[in-house]
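Chemist: Chains as they are written, first to last, in the working numbering: chain P, 615 to 1127; chain G, 111 to 245; chain D, 5 to 101.
Hints in this document: simulated from the structure, not taken from any laboratory.
The model shown is predicted, which means the values in this text are computed figures rather than measured ones.
There could be a bad hint or two in this list.
Stated by the list, open to error - Which chain D residues stay away from chain P? Per the calculated CB distances, all over 10 Å, these:
#: 1; residue: Phe11
#: 2; residue: Phe12
#: 3; residue: Val15
#: 4; residue: Thr26
#: 5; residue: Glu73
#: 6; residue: Gln94
#: 7; residue: Ile96
Stated by the list, open to error - Partner residues aside, some chain P positions facing chain D, computed with beta carbon under 10 Å:
#: 8; residue: Leu644
#: 9; residue: Ala772
#: 10; residue: Tyr781
#: 11; residue: Tyr794
#: 12; residue: Ala797
#: 13; residue: Thr806
#: 14; residue: Gly892
#: 15; residue: Tyr895
#: 16; residue: Lys896
Beta carbons are placed, not taken as given, at the ideal position from N, Cα and C, and that holds for glycine.
Below are the chains, spelled out letter by letter.
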Amino acid sequence: MHYDLALPSGLMAALVPEIIVVSGAMLLLLWAVWRPESDVHQRNVAIGAAGVTLLAAAAVVYYMVSDASSGPGVIAVDRFRWASDLLFLLATLIAIALSSDFSKREGITTAESHVLILLATSGMMLLAAARDLIILFLGIELMSISVYVLAGLYRRSARASEAALKYFLLGAFSTGFLLYGIALVYGAAGSTNFTDIGRVVSERGFGALPMLQIGLALLVVGFAFKIGAAPFHMWTPDVYEGAPTPYTAYMAAGVKAAAFAAFIRVWLEAFPGTIEFGPPYKVLWWLAVATMVIGNVVALAQKNVKRLLAYSSIAHAGYILVGVLVATPLGASAFLFYLVAYTLATMGAFAVVIALEEVGERNQNVQDYAGLWRVRPWLAIAMAVFMLALLGFPIAGGMGFFAKWYILQAALDRSQFYLSVYLVLTSVVSAGYYLSVVMVMFMRPRAEGAPLPSRVPRATGIVIAATAVVLLVFGIFPSPVLRFARDNTITIAPPSAAASPRAGALVPAANSH
Amino acid sequence: MEIRAYLPLLLLMGFVIMNAVMMLGLSHLTMRSRPTAVKQSAYESGIPPLGDARERFSVKFYLVAMLFIIFDIETVFMIPWASHYRQLSCAVPLSNGLCPAGNTSFFGLGEMLVFMLILFVGLAYVWKKGALQWD
Amino acid sequence: MINEALFFSAVLFTIGVVGVLTRRNAIIIFMCVELMLNAVNLTFVAFSKLYGAAGQIFVIFVMTVAAAEAAVGLAIIISIFRHRETVNLQNINLLKG
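With the hints as constraints, model all of the structure from the sequences given.
Modeler: The following block contains the structure:
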């Protein structure tokens, strides 16, 4: 199918998945408020939201299968968008399941949380589709504002309110930078469309446009805030610790992935051939290295599991940035593969945290997991799988190993020797905290008088089991996901990519460099 | 830029400042201080003042103000819509600012109706949630 | 005129950034963020003199988004005030590493 985005009808047709999510969210919003608040009603709305998510996923799959394409316009109709959408919808589905169980346990009866998740998802989908700075801005804000509310939704918790305030203030601050960057890019290029900006950049040269350089720098700062890259990561641990755990999981997986999807499109389409010109590339290089180092080193000192996972998510932002930096099709598909593995492992790990924490957000320290193997063996095994996946351990870590391997391979393919060394070294450091969680669970005795963890709620249990099994299965047979990542990679290739003979070959093989 | 064009403005500003300084200065020079309780109280249009001005407002005011901002700012989208309405209601490009006969389209109208519908969903939510109730 | 407007908006933006970094009251920080957004709006309007309406449309979107952000932000600030009886960030310190 070909969509003419210049026509209103074509544009609408190309936005059907987003329209499904938004109109579903609005109907659910009315339904949520029409009945008195109760736990049953909250569950029903959650089921409705899951239905909307599945419907949108079906629409996305339809577009993917029908090989939708489009003329120039404000949104992209390409396979990268559909693949990212599927990833976000997966994160949404998991988040809704976790949020429903969490609400039940904490006695939260507001059903609007599920609606807010859907609205944030629509923002993410817009981000994946954005081929115009206006759409990019709207997507980021739709996503961020919904997530600010989610972070502060649990009003009885002072920590959640605090997390929401910090997230909101720093989020709004970073939006200011992003927006100023957008304004300057618009001023330098005379257009907000990525394709037009890309044309101006390649015709007039990046070096000849100082305003564009400042604009790009500000854009990078704004994005670095959103993805939690060092040195703009300071909000991440506090917010991740304070926010209700299901929404933390959603932030760590969905919000981060969406910001990355938008960032890689801006990077490849609006600033083609960034690898060729020096300064912005160098800045991003240092950003990636700093993020990997700071995330992993500081994570070593963490006692709270949510904080630990927050620093781990910072570290992973660094690894993913390596995939962005290697602006080749190989890098882009490694990036997609990584996001899939990261989303599954992170959401699974947070699901275990939800299963183990008690009413009032207790039991969140690593020490509380001591001897888990004795009392809840399956939970301990699942958590071990997630930790090893985040570490990138072969076989037992499932997809996590291949995710890191492909990123590494893509980096070596572009002769990014030092970047690869940093990636490997910081991964070794990360073993210090991932393995210590595993060790505490399996080797330490259960603390004296520690109560038995309460029964795992059904949806949370399903999420934990499913993510762990998928991680393991695709860790042994990675080729389907690999093919998915390779087929759905972003199609715009930088000029030099054609020169690389091995571009597109993703099979693990001895590297010629 | 023509600086001379701003000369009247400058003169006016100078006059205002001079006048204010003169009035305050003269009254300060000629004044004899004889304070009484009535003289020292804050002036509230002749009515005896009721308490401190820095009172806490009820949070309900905030809620209403917030709803007002949200629904008020949405009308800003109607301005570009109205200024393009002629083109939006025409299926082909306008010729001489008019729509060729037989090409009327309801796209523009429908678009605004959808927009209004979304706003209405928000209003219905707020209403049902009880945010418009004062007590 | 465009240069003056750009310069002015850059100054406003900087004032906003400095305000966010130095102030400790959540409401004032938020006002500084709004100042940043409005500085950007000025930039957009200045550029739209060169490139046509896209900049002005952007301004409208920024305004609405800023209003939504204000509503959410003030709600968050109120909810924290209910817990802590203060909006001073120095006293808001439950979450520490």
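Chemist: Does each hint hold? Answer for all of them.
Modeler: Quick rundown of the hints versus the structure:
1. Annotated as non-interface, Phe11(D) keeps its C-beta farther than 10 Å from every C-beta of chain P; the closest such distance is 13 Å.
2. No beta-carbon of chain P comes within 10 Å of the beta-carbon of Phe12(D); the shortest separation is about 13 Å.
3. Every Cβ of chain P is farther than 10 Å from the Cβ of Val15(D); the closest lies at roughly 13 Å, confirming the non-interface assignment.
4. With a closest Cβ-Cβ approach of about 13 Å to chain P, Thr26(D) is found to remain outside the 10 Å limit, as its non-interface label requires.
5. Not every CB of chain P lies more than 10 Å from the CB of Glu73(D), the least distance being 6 Å, so the non-interface label is violated.
6. Separation of Gln94(D) from chain P is adequate, the least Cβ-Cβ distance of about 13 Å exceeding the 10 Å criterion.
7. In this structure Ile96(D) is not separated from chain P by more than 10 Å, as the shortest Cβ-Cβ distance comes to only about 5 Å.
8. Look at Leu644(P): its Cβ only gets to about 19 Å from chain D, farther than 10 Å, so that hint breaks.
9. Because the smallest distance between the Cβ of Ala772(P) and any Cβ of chain D comes to about 4 Å, under 10 Å, the interface hint for this residue holds.
10. The closest approach between the C-beta of Tyr781(P) and any C-beta of chain D is roughly 9 Å, which is under the 10 Å cut-off, so the hint is satisfied.
11. About 5 Å separates the beta-carbon of Tyr794(P) from the nearest beta-carbon of chain D, less than 10 Å, and the hint is met.
12. Hint status for Ala797(P): holds, given a least beta-carbon distance of 4 Å to chain D, under 10 Å.
13. Proximity of Thr806(P) to chain D holds as hinted, the smallest CB-CB distance being about 6 Å (cut-off 10 Å).
14. Given the 10 Å rule on beta carbons, the hint for Gly892(P) is violated: about 25 Å separates it from the nearest Cβ of chain D.
15. Hint status for Tyr895(P) relative to chain D: violated, with the closest Cβ pair at about 26 Å, above 10 Å.
16. Below 10 Å, beta-carbon pairs count as interface contacts, and Lys896(P) has none with chain D, the closest being about 24 Å; its hint is therefore violated.
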